[in-house]
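Asks: If you want the building blocks of each chain, they are given just below.
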Amino acid sequence: GAGVSQTPSNKVTEKGKYVELRCDPISGHTALYWYRQSLGQGPEFLIYFQGTGAADDSGLPNDRFFAVRPEGSVSTLKIQRTERGDSAVYLCASSSTPTDTQYFGPGTRLTVL
Amino acid sequence: AQSVTQLGSHVSVSEGALVLLRCNYSSSVPPYLFWYVQYPNQGLQLLLKYTSAATLVKGINGFEAEFKKSETSFHLTKPSAHMSDAAEYFCAVSVLNAGGTSYGKLTFGQGTILTVHP
Numbered sequence: 001g002a003g004v005s006q007t008p009s010n011k012v013t014e015k016g017k018y019v020e021l022r023c024d025p026i027s028g029h030t031a032l033y034w035y036r037q038s039l040g041q042g043p044e045f046l047i048y049f050q051g052t053g054a055a056d057d058s059g060l061p062n063d064r065f066f067a068v069r070p071e072g073s074v075s076t077l078k079i080q081r082t083e084r085g086d087s088a089v090y091l092c093a094s095s096s097t098p099t100d101t102q103y104f105g106p107g108t109r110l111t112v113l
Numbered sequence: 114a115q116s117v118t119q120l121g122s123h124v125s126v127s128e129g130a131l132v133l134l135r136c137n138y139s140s141s142v143p144p145y146l147f148w149y150v151q152y153p154n155q156g157l158q159l160l161l162k163y164t165s166a167a168t169l170v171k172g173i174n175g176f177e178a179e180f181k182k183s184e185t186s187f188h189l190t191k192p193s194a195h196m197s198d199a200a201e202y203f204c205a206v207s208v209l210n211a212g213g214t215s216y217g218k219l220t221f222g223q224g225t226i227l228t229v230h231p
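Here the protein sequences come in this chain order: A and B. FYI, this note's numbering numbers position 92 of the first sequence as 92, with every residue one higher than the one before it. Quick note, this note's numbering runs 113 ahead of the 1-based positions in the second sequence.
So that you can see chain A by itself, here it is in the shape it has in the complex:
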């Protein structure tokens, strides 16, 4: 079946702009995760959804970052007033249950000029 998909694959924006990154999880997966991977680093956790609600948002770096999952499937990560330090690959993962293996999408590469 289809894996986790993320759009766009690449996003270039200017400092101060607003961006939205989309994640389509594997069908039927109730748990969804966002991670951020900076150059030369391992992925860092941002937020975890169980269904429609954010079960753990402890990794969001500040209030410029926000994520939603209104119908319990697709999720959107929103970044306001982007900064150059936000440049990274944003990864989405989903799992069938909260204790199951996480399957990752290909990521969205965000570049803030």
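Treat the hints as calculated values from the structure; they're not laboratory data. The beta carbon of each residue, even a glycine, is placed where N, CA and C say it ideally should be. A few of these clues could be false.
[Unchecked claim] Restraint-style ranges between C-beta atoms, simulated for each label pair:
#1 A:P61 / B:P192: 38 to 48 Å
#2 B:K182 / A:T99: 14 to 24 Å
#3 A:Q41 / B:I173: 20 to 30 Å
#4 A:F66 / B:I226: 42 to 52 Å
#5 B:L159 / A:V68: 23 to 33 Å
#6 A:N10 / B:L159: 36 to 46 Å
#7 B:S127 / A:D57: 39 to 49 Å
#8 B:Q223 / A:T101: 15 to 25 Å
[Unchecked claim] Looking from chain B toward chain A, a few residues come up when the C-beta cut is under 7 Å (computed):
#9 R135
#10 G156
#11 L159
#12 G217
#13 F221
#14 G222
Following the hints, position chain B against chain A.
Replies: Same frame as chain A, but now just chain B:
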């Protein structure tokens, strides 16, 4: 809080040689442990995972890892490297949340780039 340390950001081996990628973890509670592989311009792919059953875990592509609680290690090995094994490898840990309902977030190491020479 849990953490992961991968010793060696770059490992280089000859084709046919043993692959050993080191991972040590820190956790105050029993962890789940994972190895993921990332090929260039691709997403993370699960190689194998330890979930408190057998301490020797076999994964895809001939890789295996052994959970050693006394050493807090979960090193990844493969007896004979292949050119196609060249990639970046990440060790990760997760623990059960306070409510006992989920393993939630993964905490990753910095990654080890494996180069395989002909």
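Asks: A separate judgement is required for each hint: does it hold in the structure or not?
Replies: For each hint, the structure was consulted:
no. : hint                        : in the structure
1   : A:P61 / B:P192: 38 to 48 Å  : 42 Å, holds
2   : B:K182 / A:T99: 14 to 24 Å  : 20 Å, holds
3   : A:Q41 / B:I173: 20 to 30 Å  : 24 Å, holds
4   : A:F66 / B:I226: 42 to 52 Å  : 33 Å, violated
5   : B:L159 / A:V68: 23 to 33 Å  : 27 Å, holds
6   : A:N10 / B:L159: 36 to 46 Å  : 25 Å, violated
7   : B:S127 / A:D57: 39 to 49 Å  : 46 Å, holds
8   : B:Q223 / A:T101: 15 to 25 Å : 22 Å, holds
9   : R135                        : 14 Å, violated
10  : G156                        : 4 Å, holds
11  : L159                        : 6 Å, holds
12  : G217                        : 5 Å, holds
13  : F221                        : 3 Å, holds
14  : G222                        : 5 Å, holds
Hints 4, 6, 9, counting from the list given before, are not met by this structure.
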